[in-house]
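Based on the sequences and whatever the hints tell you, model everything.
There are 2 protein chains.
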Amino acid sequence: MKAYKEMSKEELLTLKNELENEFSVIKSKNLKLDMSRGKPGADQLNISMEMMDILNSSTELKCEAGVDCRNYGILCGIDEAKELLAEMIEVPKDNVIIYGNSSLNVMYDTISRSFTHGVLGNTPWCKLDKVKFLCPVPGYDRHFAITEHFGIEMINIPMTENGPDMDMVEEYVNNDEAVKGIWCVPKYSNPQGTTYSDETVLRFANLKPAAKDFRIYWDNAYGVHHLYDDDQDYLIEILEACEKAGNPDMVYKFCSTSKISFPGSGVAAIAASKANIDEIQKQLSVQTIGHDKLNQLRHVRYYKNLDGIIAHMRKHADIIRPKFEVVLNTLKNELGGLDIGSWTSPKGGYFIAFDSLPGCAKAIVAKCKEAGITMTGAGATYPYGKDPQDTNIRIAPTFPTIDELAEAIKVFVLCVKLVSVDKLLEQK
Amino acid sequence: MKAYKEMSKEELLTLKNELENEFSVIKSKNLKLDMSRGKPGADQLNISMEMMDILNSSTELKCEAGVDCRNYGILCGIDEAKELLAEMIEVPKDNVIIYGNSSLNVMYDTISRSFTHGVLGNTPWCKLDKVKFLCPVPGYDRHFAITEHFGIEMINIPMTENGPDMDMVEEYVNNDEAVKGIWCVPKYSNPQGTTYSDETVLRFANLKPAAKDFRIYWDNAYGVHHLYDDDQDYLIEILEACEKAGNPDMVYKFCSTSKISFPGSGVAAIAASKANIDEIQKQLSVQTIGHDKLNQLRHVRYYKNLDGIIAHMRKHADIIRPKFEVVLNTLKNELGGLDIGSWTSPKGGYFIAFDSLPGCAKAIVAKCKEAGITMTGAGATYPYGKDPQDTNIRIAPTFPTIDELAEAIKVFVLCVKLVSVDKLLEQK
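As you go down the protein sequences, you meet chains A and B in turn.
To convert a position in the first sequence, counted from 1, into our numbering, add 91.
To convert a position in the second sequence, counted from 1, into our numbering, add 91.
Take these hints with a grain of salt, some might be off.
If chains are identical, the list can't say which one is meant, so a pair holds when it fits in one copy or spans any two.
To be verified - Straight-line distance between alpha carbons at most 25 Å, and here's what the computed PhoX-like set of lysine-lysine pairs gives:
no. : residue 1 : residue 2
1   : 118       : 460
2   : 373       : 477
3   : 218       : 373
4   : 303       : 218
5   : 501       : 460
6   : 153       : 123
7   : 406       : 153
8   : 406       : 395
Think of the hints as simulated: they come from the structure by calculation, not from any bench.
The structure displayed is predicted, hence computed values, not measured ones.
What follows is the structure in structure tokens.
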């Protein structure tokens, strides 16, 4: 394959003509395919169906503590649910609070609480002139939406293959008291699938924040979401690392079973130091009498323990691995050597990050739309929806069937080629 | 029966002696009974057990709109759940948002959102020097806990048999811009079991608030929770009343199925005008991807419609009516004519309000404790836990078995007598 950049204007024009013909054919098919959504496919949901039978009218509905899970009570979750999720995210049970079905909701509430009541005795953020958050980019749009909603200034931190640029993180966190947090998806990150290196995690744990109420928002959404049995990323456990570094209170860790059991009906949790947990519990006691304990019990009875979760995650992997591979193979076969894009090859998680030539991402997504393929909006992976280079596109391979996906990704690479040719022609 | 107030010192001393002997006998029984908790008893939970079988691994799990309820999506609740709850609380479906398991959580979030982002374009409360709430008293402690948590100044509004003292409500709401809300449990109120009269509701609907962002927090927790088939309270629907009065945006209505299905695993909702709902939906889209739709589906498939709910509530009534009657009969038989207390006789809800002689409630609750009977803490029904007259005690008859309850209420009346005698002797 000849790199597009090395082609002459004439070669590019000939190529453009070929590609446009190809595009016309595809457009006439009136496709309607979607690679935008980080949702499990129906086949993945089906593997959890036995969970629907786990509790029934003849089941014992008391938890181990003897409390009737149908009734009010047990603010922070039943012990066995704490144990299950604690084991999964490698923290002690007593450092966990179980919530409802959405870890995003837990994160929102965490920011909201800091805004209205402050963090461990520090000034509530609503009383401050300026609050800033560091945002590793590209990142998760719903994280950025929360901080934007609260008027928090977001600062882009470039992601490297080892995680966020830690020189920049240290510079900001250790010197600027207005910096109150950083959004992290530390394992199989959204959208790259990158896992933070040991050095990165240890540098996080050893931050010396200017702000006493600085917290790392560690969204461990894909902690057990491996694609391969024999080739998995490893992530240092952050709570313990922070404690060892003398910063026990510096991190909130979030997780859920949304992409383990059912996205709409999973169980979410927060893990943190005792001081943080005590504070959260105090506020939570005003907010609710307790979350859905029957659903907690359903999860515990179904998965039993971490081994149960791991075995279950293998079934998910068996379904989505081929989907990732179709995308990665097509990208490689169709774009390899053309020098018009690069992409990540994650070993887990839900996404692949694609980077186009500068200034092409929006046009590629628009071109896909024209052909009936929905991609995540270009820019969505950046705070305020602004990708400064206009290069990043998030590919979500899990929701379509494998046939749909194979079709969709072919259209995608065609659009990448077309838009890249146009961009290069502009520069001739 | 001779009223205690008419007894001579000698008569009171003789009586005190008899009562203390009785108390010694009871104390020696080492009872451990609880009339403090507004929780359904296990017998009530059992009537909903078929709900545990409604969804299973061979059930269709798509909602009417064709969306897979296991997956992400449908921020504001599935249509059929909106319909069910809308019918129950007598509002149009499109004015409803379905939440998770806790209406308290919805109320907390509503206050929190007003605090951080304001209401329909008005200044966020966190930017104001002073925010005030009106609190009909006695009332629900968890309401007061939310407003206290946000540093909102709470103003006591005495309850009458028709609802809050509306002269006071109008005086405050129509003249003080700092008054942003009022907590209401308009039907079978906690703790009195009072239902607001037509005049009260219409005066609410016709308020002319000084603050544009004043809202009535209408916690319709016991809307279908009647004790009797043939003698039910009626409440004017507030959303429609407000709209007719030209105040469509002035009310948030809250409800849940907590005391219909399972307290820990019900479905909660908010109802409001379109403008309010649009604003809430916008914020909710930042907070979560959606609440538990499987649990919504479970409720819809089980109850089907309002008739299903009404039939189900009859079963609850059959269980708790005798409990209310045991309490009310004992109060009447033991305290009637003594002039040392008064109490309400609700036709629904979960509580009976007892008023002792001034200055006696705390001592009565303490005396009960000494005999092994747990009552709701005296003062709990007032903001800041301060009952100015120290008279109000909330009786919760539903959770104990009927035998336990019969025993507990006997101890209670004995404690009322003892403490009242002491109080009257002080004054001799």
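Right, here's what the structure says about each hint:
1. 118 x 460: Within one copy only: 10 Å inside, 78 Å across.
2. 373 x 477: between (38 Å within a copy, 21 Å between copies)
3. 218 x 373: both (21 Å within a copy, 24 Å between copies)
4. 303 x 218: This pair counts as both: shortest intra-copy Cα distance 16 Å, inter-copy 23 Å.
5. 501 x 460: within (13 Å within a copy, 74 Å between copies)
6. 153 x 123: between (47 Å within a copy, 21 Å between copies)
7. 406 x 153: between (30 Å within a copy, 23 Å between copies)
8. 406 x 395: Answer is within: at 16 Å inside a copy they meet the 25 Å cutoff, but 35 Å across does not.
Consistency with the previously given hints is maintained throughout, with no hint failing.
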